[in-house]
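Residues per chain, in single letters:
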Amino acid sequence: MSLPAIHVQLRKKHRPLESVIHGFLFFCAGFSILITTGIILTLGFDALRFFTNDGADLWSFFTGTVWEPQIERFGILPLLNATLMTSLIAMLVAGPVGLAIGIYLAEYANRKTSGILKPILEILAGIPTVVYGYFAVTAVTPWLQATLGVDLVEFYNVFSAGLVMGILIIPLIASMAEDALAAVPRSLRQAGYAMGATKLEVSLQITLPAAASGIVAALVLGLSRAIGETMIVALAAGAGSKFTFNPFQGAETMTGHIVRISGGDISYQSVDYDSLFAIALLLFFITLTLNFFSRKIIEHFREVYE
Amino acid sequence: MNEAVIATEVALEVKNSDIFYGDFKAVLNLSMAYHHREITALIGPSGCGKSTLLRSLNRMNDLIPGTKITGEYLFQGKNIYDSDVDPVQVRRWIGMVFQKPNPFPKTIYENVAWGARINGYQGDLEELVVTSIQRVALWDEVKDKLHKPALALSGGQQQRLCIARTIAVKPEIVLMDEPTSALDPISTAKIEDLLDELKKTYTIIIVTHNMQQAGRVSDKAAFMLNGVLEEFGPTDQIFFNPKNPKTEAYISGRFG
Ligand SMILES: Nc1ncnc2c1ncn2[C@@H]1O[C@H](COP(=O)(O)OP(=O)(O)OP(=O)(O)O)[C@@H](O)[C@H]1O
Ligand SMILES: [Mg+2]
Numbered sequence: 001m002s003l004p005a006i007h008v009q010l011r012k013k014h015r016p017l018e019s020v021i022h023g024f025l026f027f028c029a030g031f032s033i034l035i036t037t038g039i040i041l042t043l044g045f046d047a048l049r050f051f052t053n054d055g056a057d058l059w060s061f062f063t064g065t066v067w068e069p070q071i072e073r074f075g076i077l078p079l080l081n082a083t084l085m086t087s088l089i090a091m092l093v094a095g096p097v098g099l100a101i102g103i104y105l106a107e108y109a110n111r112k113t114s115g116i117l118k119p120i121l122e123i124l125a126g127i128p129t130v131v132y133g134y135f136a137v138t139a140v141t142p143w144l145q146a147t148l149g150v151d152l153v154e155f156y157n158v159f160s161a162g163l164v165m166g167i168l169i170i171p172l173i174a175s176m177a178e179d180a181l182a183a184v185p186r187s188l189r190q191a192g193y194a195m196g197a198t199k200l201e202v203s204l205q206i207t208l209p210a211a212a213s214g215i216v217a218a219l220v221l222g223l224s225r226a227i228g229e230t231m232i233v234a235l236a237a238g239a240g241s242k243f244t245f246n247p248f249q250g251a252e253t254m255t256g257h258i259v260r261i262s263g264g265d266i267s268y269q270s271v272d273y274d275s276l277f278a279i280a281l282l283l284f285f286i287t288l289t290l291n292f293f294s295r296k297i298i299e300h301f302r303e304v305y306e
Numbered sequence: 307m308n309e310a311v312i313a314t315e316v317a318l319e320v321k322n323s324d325i326f327y328g329d330f331k332a333v334l335n336l337s338m339a340y341h342h343r344e345i346t347a348l349i350g351p352s353g354c355g356k357s358t359l360l361r362s363l364n365r366m367n368d369l370i371p372g373t374k375i376t377g378e379y380l381f382q383g384k385n386i387y388d389s390d391v392d393p394v395q396v397r398r399w400i401g402m403v404f405q406k407p408n409p410f411p412k413t414i415y416e417n418v419a420w421g422a423r424i425n426g427y428q429g430d431l432e433e434l435v436v437t438s439i440q441r442v443a444l445w446d447e448v449k450d451k452l453h454k455p456a457l458a459l460s461g462g463q464q465q466r467l468c469i470a471r472t473i474a475v476k477p478e479i480v481l482m483d484e485p486t487s488a489l490d491p492i493s494t495a496k497i498e499d500l501l502d503e504l505k506k507t508y509t510i511i512i513v514t515h516n517m518q519q520a521g522r523v524s525d526k527a528a529f530m531l532n533g534v535l536e537e538f539g540p541t542d543q544i545f546f547n548p549k550n551p552k553t554e555a556y557i558s559g560r561f562g
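Residue numbers (this note's numbering), protein chains in the order written: chain A, 1 to 306; chain B, 307 to 562.
Hints may be right or wrong, so weigh each one.
[As the list claims (entries may be wrong)] Under 7 Å between C-beta atoms, here's a sample of chain A residues computed to sit facing chain B:
hint, residue
1, 29
2, 146
3, 201
[Stated by the list, open to error] Here are the simulated PhoX-like cross-link-like pairs (lysine-lysine), alpha carbons at most 25 Å apart as the crow flies:
hint, chain 1, residue 1, chain 2, residue 2
4, B, 496, A, 112
5, A, 296, B, 412
6, B, 496, B, 449
[As the list claims (entries may be wrong)] Pulled from the structure, derived: some chain B residues nowhere near chain A, Cβ distances all over 12 Å:
hint, residue
7, 368
8, 378
9, 402
10, 407
11, 422
12, 477
13, 492
Derived by calculation from the structure, the hints in this document are not laboratory data.
Every residue, glycine too, gets a C-beta built ideally from N, C-alpha and C.
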């Protein structure tokens, strides 16, 4: 039996499976875009309705230092401030520790130690955040109070929540930092060693700067995770907004406020309810901006080594 | 010129060395000496152990898990594999240039200054950077962009920069593993000229697959086959009057 002539073989073939799979993948991608658009629209409309209320204009929303829905004071600053404080404390923990673990895994650990460390990090990353929240309230806060004094440390406080949130974010930063470092070509390390550099000099002065963009991206994503984190701050940082820079006092964060209010018996027609959407929209924009920047940074990173 | 190679002082001597990757023996009972201010070329078919040998000359093989090295590697009378020797210091005195140009993602200036700085260079760093770049004949091309990224240079310029940063550490010996195989003929010619100049100060050991290059630049040549050093002698002898039939077969195969 002979094959058909080549010009016949060249003809377009009908491949039904290809089209089906293509269609399915397109549907999945389209669906996620649809969902995102839906979320933005819901948030947007309800937030818009909030700002049509008197006592709730954009100016006082962004500059007001009091958030008391009962007396129609909607200044976001206390909530925003608490969010930034918990996130900052979390990053002060997760940044250095996560980075150190990342460097250790990428540059120092042999197969055996990373075989032990990595599963531990995965377990850490897999613990439900509510468990972290209880850990903050039942272990970290009492410890803080015992060491620093009950007068200084309130039972619900920003510090404890931030600390535990830092632990939560360590695995994220560690694994992203490790990936970024592992992507640095071996030839660069070899060049360093061939000039009489020690392992520490190569790790800190060659590999780390070469992975800088990936590392920054890891930190930015960690920060955005911290800002959006809810359960830990809801349980440990305190209920009720408070404009304070003292980390040992309680202060409600944006996310913490949203869960508490929406969890209570709140009327769906009230300004209080609408105000939650304004907060959520702001949160959404903050994390979106951060993710956008980290993506930009990662893109830059790719350009360098391909 | 190669006819009259004078027996000079020995810069590095390998005695009865076997090199293993795990159970695999990549180099067998090799002994050879590299002389001061000479260029020694290592030639031989792919996989014969040239890079393996080169890496063991400055303990870069330490970085590959599972390598084992026996025998002696005498540098300044000291076996560099003795347990009281710091491999970091060995590499400071015996530098290496790689096949693919691998500048650091730093500025041109920093690429050259870094090695000297980590090794505690006491003199005028800026002057060192300038003279090192001048010595590799790169100065005119980069003098206006010393603080621009090194990765923006062409491959040939990057390779000369890599040589500049190696000599800025002021080593005794420079090892080069196919330093021009990723470069165009013009860049290659520049580096070959450079080798002649560097020979005045450094002992150079170069791996190359380019027979003409080996013939042009080296004083001595070593032919390796399957991990065995088959023949080692003045380059002219190896190329035009090899004593070992295997060397002859390899050389003539290449020269047609
Ligand atoms: N890291 C390694 N692990 C295991 N075996 C290796 C390793 N590196 C090299 N080998 C083996 O050792 C032998 C010599 O390799 P080497 O790289 O020294 O050859 P070469 O002469 O430099 O070849 P080429 O001219 O292709 O660069 C080869 O059989 C190779 O497969
Ligand atoms: Mg090789």
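Against the structure, the hints come out as follows:
1. 29: With a closest approach of 34 Å, the residue 29 of chain A hint is violated.
2. 146: Violated, because the Cβ-Cβ distance from residue 146 of chain A to chain B comes to roughly 46 Å (cut-off 7 Å).
3. 201: At 5 Å from the nearest chain B Cβ, residue 201 of chain A passes the 7 Å test, so the hint holds.
4. B/496 / A/112: Violated - the C-alpha atoms of residue 112 of chain A and residue 496 of chain B are around 47 Å apart, more than 25 Å.
5. A/296 / B/412: holds, 21 Å
6. B/496 / B/449: With Cα atoms ~18 Å apart, residue 496 of chain B and residue 449 of chain B stay inside 25 Å; holds.
7. 368: Contrary to the label, residue 368 of chain B does not stay out of reach of chain A, its closest Cβ about 9 Å off (not over 12 Å).
8. 378: holds, 22 Å
9. 402: violated, 4 Å
10. 407: Its Cβ does come within 12 Å of chain A, the nearest being 9 Å, so this is violated.
11. 422: Violated: least Cβ distance 9 Å, not greater than 12 Å.
12. 477: violated, 8 Å
13. 492: holds, 24 Å
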